[in-house]
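A.B. asks: Each chain, written out:
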Amino acid sequence: MNVVVCVKQIPDPADPGALDPNTKTLKRDVKLILDESDSYGVEMALQLVDTAGGGEVTLVSMAPNSEVGGLRTALAMGAAKAVLVSDEALAGSDALGTSKVLAKAIERAGEADLIITATESSDGYTGTVPEQIAELMGLPSITFAKSIAVEGGTVKVQRQTEAGYDDVEAPTPAVVSVTAGVVEPRYPSFKGIMAAKSKPVDEVTVADLGIDASQVGWAGAGQEILEIAAAEEREAGTIVEDDGEGFQKIVDYLAELKVI
Amino acid sequence: MIKWSDEQEMVRQAVRDFIDTEIRPHREELEFGDLPPYDLLRKMLRTFGMDAMARDNFAKRIERERVAEAGTGEDDTEKSSGGGGARDANSVAFSMIPIIELCRVCPGMVTAMGVSMGLTASAIMSKGTVEQKERWALDLLTMDKIGAWAITEPDSGSDAFGSMKATAKRDGDEYVLNGSKTFITNGPHADTIVFICKLDEGNPPAERTVLQFVLDSGMEGLEQPKAFRKMGIHSSPTGMLFLDDVRVGRDRLLGGSEEAFKGTGGRKASKATFSMERTGVAAMALGIVDRCLELSVRYAKEREQFGQPIGGFQLIQLKLAKMEVARMNLQNLVFRHIEMAAAGEAIDFAEASAAKLYSAQTATEVALEAVQLFGGNGYMAEYEVEQLARDAKVLQIYAGTDEIQISQIARSMLGE
Ligand SMILES: Cc1cc2nc3c(=O)[nH]c(=O)nc-3n(C[C@H](O)[C@H](O)[C@H](O)COP(=O)(O)OP(=O)(O)OC[C@H]3O[C@@H](n4cnc5c(N)ncnc54)[C@H](O)[C@@H]3O)c2cc1C
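Those protein sequences? They're chains A and B, same order as listed.
The numbering used here puts the first residue of the first sequence at 2, with every later residue one more than the last.
The numbering used here puts the first residue of the second sequence at 36, with every later residue one more than the last.
Hints are not guaranteed to be accurate.
[Said to hold, decoys possible] Calculated pairs, DSS-like style, for lysine-lysine (alpha carbon to alpha carbon, straight line, at most 27 Å): (1) A:Lys-200 x B:Lys-95; (2) B:Lys-38 x A:Lys-32; (3) A:Lys-198 x B:Lys-38.
Honestly, the hints are just simulated from the structure, not real lab data.
Full structure from sequences and hints, please.
C.D. replies: The structure is reproduced here in structure tokens:
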């Protein structure tokens, strides 16, 4: 079974750098790493291929400056190869522009039984790319997967809901977005890290994918960022002094909130 | 080598992540709760495929040795106890990085691991027969089994050979072993023990041949009492070993014959082990210093006195600057060890001693200065530097005390 995983390479959240005041987007000229949200999809894909007893995991990523830092991490975990789309024309792409590029890159990656994405990236959070890819490729889309199994030509997903989960099925190939934290991403082994260096990364431009540059980047963006503002500071919490009856005050407070 | 390569950095990051999530949370139990370090170490090995790599390397080496044996009829012992051939720089670096990273949290774990996978396994790999390697060394290299290497005795420490009392006496085809060993890392838990003793043929002790035997825990007459309480490296259990008429066959005599150990051979074999033990100390010191520096810089920025961060005081700046100098020196030493191993150059005994002396003293000084920089907090267990300072001290004592290193360096210069 072949699985394609869309992975985003993002600035390290521990040291995210700065916002560009002109474009109102995150500066991406720093070293990029694998978005943690995507490590779950990579892990799931590796497990699926393992269970199937054959096939491979291919990564697809769109990133500036031919960045491969995050891809190497996922390759070291066990993915076999990657398609990287890197092109100056892509700067400023909105979610739909990104989806158009990724859809073409997925096609380039070869026959896939399944396309896995994260629910949303940790730096952009639009949370719309997986569904747009599915639509553009004419494939079924399942979101918020907490577990995935592929049997015959069917993908069976436990789809997380507020109350629990729904069992959902779709014919393959399909696009499935995975909820963060549902599996434990493996650490890359030392051997895996060594092997990652020589695994193929097929770097392509917008033109290589047959996309008109005016469709993507700032030129093609149908979405404009009007303003960016700092998030509100969290308000100071309530401090309960424990005079021996502290627990009762907490219980009363929680009851007032109707959480117990 | 001027810096870690991209892959080495990746390994470092992965190991650091693993240690932060899997080992750091157990620091309390390791430090104060007598949690043995072995299962955590095994988990680390398995996670990164180090056990599988050890198995592969072992198979290749045994294969080579079998070919060599068949070819020349004899193994070249000088070669196999020295630096060996050139090694891949990455594989050397990959063995150093976990040492450095673990020492940032728990130098005791490195001691336990180093004695088992390093000292004990190497003693068998350099002196043992192929059968002995297969029987004992592989399980040590993968940490499926825990090893101890026992030379020190209650009355014999720095003068390890001179005053050694442990004996082997021939009895037909067998030997009978007696003696007490102390300060033995992994002693209480070891499955496999390399026991170093003198062959008693009724001759004067100074002339006796030094032999090494491999013992299994549970053998009749072998006692492994529980660990001592000690100043630092609490995560490395240290204890005594008592041998009371332990009977062993020739199959447990390393090398399978007394010949290899005749004259000064036995002393040389143990010295080769000392050399490799000493080079590991630079990596350990680097980990300790790196962590102390990181914590100190953070604290110097955060802690305010007299209306300013203490980092603003020149006396604190001096401490930080000296720590950074130490870190750079230690890193260069580690890089040199990697380069030399990659070039197939063995580090000579005097250089290994010099590196060990510098590393041990530096780690202790830096860690104590970190305690000082943290003030009262530095003296409290909650702040890691307290533990690192206690842990660092042992580097000046085991694997040859500072004083012994100094005299060995001086002797090599004076040509004694
Ligand atoms: C935590 C820990 C783990 C250990 N693990 C092991 C192990 O796994 N296996 C093992 O066999 N041993 C082990 N040891 C023992 C260690 O190698 C010895 O403690 C060390 O070699 C010193 O010997 P000693 O303790 O008998 O000190 P001594 O030799 O009695 O030394 C006492 C003092 O005298 C000084 N001194 C001695 N001789 C001279 C000299 N000629 N010139 C100047 N000064 C001198 C020493 O430097 C020291 O300051 C361990 C020790 C510790 C503390």
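A.B. asks: Any of the earlier hints contradicted here, and which numbers?
C.D. replies: none
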